[in-house]
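**Student:** Chain by chain, the residues:
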Amino acid sequence: MKPVYLDNNATTAVAPEVLEAMLPYYRDSYGNPSSMHTFGGRIRREIEKARAQVAALINAEPEEIVFTSCGSESDNTALMSAVESFPHKRHVVTTRVEHPAVLNFVRYLSRKGLRATFLPVDRFGRLDHDVFLKALDDDTAIVSIMFANNETGVIFPIAKMGEILKEKGILFHTDAVQAGGKLPLDVKKLAVDILSLSGHKVHAPKGVGALYIRMGTRFHPYLIGGHQEQGRRAGTENVASIIGMGMACELARDHLNVEARRMAGLRDKLEQTLLRTCPDARVNGDVTNRLPNTTNISFEYVEGEAILLRLDEYGICASSGSACSSGSLEPSHVLRAMGIPFTAIHGSIRFSLSRYTSEAEIDRVIEQLPGIIGELRQLSPYGRDKITSKTCG
Amino acid sequence: MENRCYTILIENHAYETESLHAVDLKTQYLMWDYTEKVKNFFLHPKNAGEIENPDAVGEVGSILCGDALKLTLRIDRATGRIVDARFQTFGCASAIASSSVLTELIKGRTVDDALSVTNQDIAEYLGGLPKEKMHCSVMGREALEAAIANYRGEQKQVEVEGKVICKCFEVTEEKIRKVALENRLTTVEEVTNFTKAGGGCGSCIPDIEAILKDLWASPKAQNMPQAQKPMTNLRKIALIQEVLEQEIRPRLQADGGDIELKDIVGNRVIVSFRALCVGCPMGDITIEGIQEKLRELVSDEIIVEEE
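These protein sequence lines map, in sequence, to chains A and B.
The first sequence begins at 1 in our numbering and counts up one residue at a time.
The second sequence begins at 1 in our numbering and counts up one residue at a time.
Hints are computed from structural coordinates only; laboratory data are not their basis.
In this text the structure is predicted, and so the values were computed from the model without any measurement.
Mixed in with the good hints there might be a few duds.
Between beta-carbon pairs, the in silico distance windows are [claimed, not checked]:
1) B:D214 to A:P100: 29 to 37 Å
2) B:D33 to A:S110: 29 to 37 Å
3) B:G49 to A:K269: 28 to 36 Å
Here a beta-carbon is modelled for each residue, glycine too, at the ideal position from N, C-alpha and C.
Pulled out of the complex, with its shape left as it was, chain A reads as follows (with noise of 0.2 Å):
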């Protein structure tokens, strides 16, 4: 049986035309595309067709777009450029709720001995202007937040935000992982220095990501070695890769604007039927600015690890923001910066669909969703009015 699949932000499917266009860097074209023979040589010229490709989704120039192993590379390289470009420098911007790609990154820096402001959100996740405003100061060597989130699609006011870092002559980037491809991003228009973008969020295969740099924009490789991608980022190329995301890139562009309404359209019909079927389920993030293809459900008194391997047994693929299913013992902490209960956060559902998906898929959910939560619930000693006020944590 072909899995349900709606776990689109953590992974997607690789795009059949994306797979096709791969397979020859596999087979017969294996040259190095730094070589000096035609064979390796005319590699290059697909690889900066590639460029191009990505390029044209954010409406970049082609000669900003550096290519990385995956989104962590881009979020790390960014930041430790601003790092080493502006030494004198020594705090930094974030928010609490960024991918762990950007939050450990910069809770290294701050045991380095850089100075960190973490951004608080507010219970639908959203950022304070004031607080922003008076984080930044003569110090900030950079400003990094994330275009929107991972977990619960929360978009953030970048384009905003970016006019006055611009303003103020201060570094901005911005992780465009979950939006690349689901929100139009033009970068003509948003004041942005650098945005991360990863492949396999958008129908390319893992393994590859890419790292949009404003001309001009001050630049400190990560990786050091070779000339490669023009001296700022070392390493032979992840041909097969690089061309895959470039194909992945023109058809999310094509796809765009008809997909994200279908998608919304879809997820919503999701929601709003869970919330009419599960009694005591609540949407957790602004639903007024997400993204169109991400929701993320509390349902009280079971939890989330539980819930998924209910859902497993019906080939539903979906994920958890619950402790158990972290792999650590602590819940989401997107949801709890967001001051989310925690009784809410160890129920906490996402499903985040793809262009693939289809309604019969999100039927499947609708029907069997209910009768999971009512059983767990059956299991649970918990219920409405059962909630004792022993506290932890």
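Based on the hints, put chain B in the right spot on chain A.
**Tutor:** Using the frame of chain A, we list chain B on its own:
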């Protein structure tokens, strides 16, 4: 091993090895690492529900901490036998499975006998739990203790008095000591896996280290590990098999010999020689050696006999 690999990776980037938080170094367990038994007990739990007007109630954990268990028992007061046991659990798959197994293990037993069910018994019945999930089996054991204390009219003294070490999950020093002793835990990571202590903000990790140091330095702990309660037969058989498989057979096989475990009757372990060991004049000495090893690792009372 895993941690060392990570360290090497970090060194390649010329970072300091201390630079990452302990949680970052952990290998993540996969949800699908559960055994078929865990999945079965989770998907089709036995004895779910609540007994009306129960003779004993044990409630542990809380919804805020992420898991909780309410155990209700029907006890025949004349014989002291548990005639029915039901559970209600808020928690992940392994918490639900552990609770259900607990009820299976204690049904039909006397209260005194039921108290010999340990968290290891629960985990073993399930064919093992991922190490990060051992606290689910500990929760089962705790609920059992709480229910029986409640039946006997005792005050819950297990947790109320002790000093709280882990504030994130409300774990007392007493609980850490007890669980560490019963399960022979020597590292903070193990304590976190079994009690959750130290798994939140991590600020109590130095305290847990100090407790472990003190615990394993005391002569009582060294001399009688696991002396707290008698070993169950299940546990004993598993241990004997483990020692034979991992300690003894490889050595005999290295010399071209082998043994086979034929039976275990009480403390008598009956084995039979194989391959070059058959008819070996050193047979008695070999038997003595095996007995010594089993006495060291399993129980002082083991007697090894040749079939």
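**Student:** Now look at each hint and say whether the structure bears it out.
**Tutor:** Structure-based check of each hint:
1. B:D214 to A:P100: 29 to 37 Å: With a Cβ separation near 35 Å, B:D214 and A:P100 satisfy 29 to 37 Å, so the hint holds.
2. B:D33 to A:S110: 29 to 37 Å: Given range 29 to 37 Å: holds, Cβ gap about 34 Å.
3. B:G49 to A:K269: 28 to 36 Å: 35 Å, holds
This entry satisfies every hint, going by the numbered hints stated previously.
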